[in-house]
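Undergrad: Note that the protein sequences, when read in sequence, are chains U and L.
Mapping the first sequence onto my numbering, position 153 (from 1) lands on 153, and the numbers just tick up by one.
Add 226 to the 1-based position in the second sequence for my numbering, that's all there is to it.
Source of the hints: derived by calculation from the structure; they are not laboratory data.
Check the hints yourself; a few may be wrong.
Listed below are the simulated EDC-like cross-link pairs for lysine to aspartate or glutamate, each with C-alpha atoms no more than 20 Å apart in a straight line [to be verified]: (1) U:K189 to U:D20; (2) L:K454 to U:E219; (3) L:K495 to L:E383; (4) L:K495 to U:D20; (5) L:K454 to L:D271; (6) L:K495 to U:E86.
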Amino acid sequence: MHQDSLWGTMSYLAGRFGHDYVMSYGVTLRIGVISFIIGLLLAILLTMARISPIPPLRTAISGYVEIFRNIPVLCLLLFIVYGLPEVGLTLDYEPSVIAALVLVSSAFGCDNLRSGINAVDPGQIEAARSLGLSFGGITRSIVLPQALSTVVQPMVTLFISVIISSSTGALVPIAHNELTGLVSQINTKEALGIPTFVVAALFYVATGLVIGAIGRIIEKRAVIWR
Amino acid sequence: MAMTPTEAALFEAAGPRARRRILIGTIATSLVFAALVVWLLMRLDANGQFDPQYWDLFASVNTWKFLGAGFIGTIRASLSAGVIALVGGLVLMFGRISGIAPVRWLATAVIEFVRGTPTLLFIYFFFLVPSQFGIHMSTYWMVVIPVSFYASAVLAEVYRAGVQAVPAGQREAAESLGLGRWQVYSSVILPQMFRIIVPTMVTQLVVVVKDTTFGYVVTYPEMMQNAKVIVANSTSMLPVYLIVALIYILVNYAISRFARWLSSRSDVKILVA
């Protein structure tokens, strides 16, 4: 240990690694946000295919969802980083992490969207059809508004867990370390102990709480839209 | 894959034109998927991935023995973490619903902190910090403790949702019979809560199994770690990672299916934690 008191360690930590922490947090956020956005867009496409009346398409998407919901992120990441170059597909480390998180989050996102759609009572759709609404009209004014409002909460949870899962990137040598990787790096160089971990954990927890709070605001709005 | 009632309601009974379109779509997507598979296989072949040198290690019993040992390591760590979380989650849940405000705040803070922090960060913590204080810890506990932390925090919330799902009349009836707080929980609320949350608890086991892959970091011999060792001692990367990924997917898929079966059999929903 370099300093005896907790305060001494903290100020040493802030002075020596403060900048690194902020930079790493930036990398963590960047990976999390990019992965979640691409994952969400992909999830929308997958869901459209998943509920289409074309059997092979439905089966294929179900298979995709089961595969990427059940694979551990680390296992997928190692496959992308060390397995794919064997077939001539080499991605840089950060894109590899993003690719792994996109595959996993799109599977969970697709599941969320589908259960949101299935939460809509089929009687409402039948009623809308008997009133003469077209398929587009039913989707736009009956199904999507209700599905989206029930889907906000699970999607917020998904976003937080994507940011948390970006820590798996610590296990491949990302050039600009993300938060968890930075902490392990600091501790292999200098044994600064508990505070290094607490600071990083607080970054994660605070991010989750902020996203959760924003999610609740969006959810309230979505309910009003109904 | 069968359609749910809502999905079936979305589409009208198809007329001749729609039926033809669905048929064309079916043929087209089937062709695209077939082409995709062929392209994938050709790509693998072009890179020599079907060469026996990459696959013949799977003909050796030792490879499977070693992977099997890893599989047992994964199961052992998962079950231990799961059992610890059953108790840890219950303690946290009682703290979370306690009538004493500071206890409630503390439990809430612990739950939020653990749920909001990557398990990997805790793994690094137990990997790097105890040794700085001269404490020796086995790699087994370096995996099991962090994984059970996270599972406890999640289970605490699952338990709480389960307690809330027990009808309020049950508690009122128990109290009016003169049962104490402890008895109300132990003989009326908890037995019903467990029935409600069993499927949800089983789905959480998937997360636990996934988290044990971080044994890779601390060299605890679970399946991911053993795969790393096999890869380091051979030339075949892709086949090993592919096989291991398949095993994980199958195990977790089986657990999720089991949870869904439990849920449909006992007619209780899987709660979202």
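Undergrad: Hints first: check each against the structure and report whether it holds.
TA: Against the structure, the hints:
Between the alpha carbons of K189 of chain U and D20 of chain U the distance comes to roughly 14 Å, so the proposed pair stays at or under 20 Å and holds. Distance restraint check for K454 of chain L and E219 of chain U: the Cα-Cα separation of roughly 44 Å exceeds the 20 Å cut-off, and the hinted pair is therefore not satisfied. Taken as a hint, the K495 of chain L and E383 of chain L pair is honoured in the structure, with Cα atoms around 15 Å apart against an allowance of 20 Å. For a cut-off of 20 Å, the pair hint linking K495 of chain L to D20 of chain U is broken: about 45 Å separates their Cα positions.
Taken as a hint, the K454 of chain L and D271 of chain L pair is broken in the structure, with Cα atoms around 24 Å apart against an allowance of 20 Å. Only pairs whose Cα atoms come within 20 Å are accepted, and K495 of chain L paired with E86 of chain U is rejected, the gap being roughly 44 Å.
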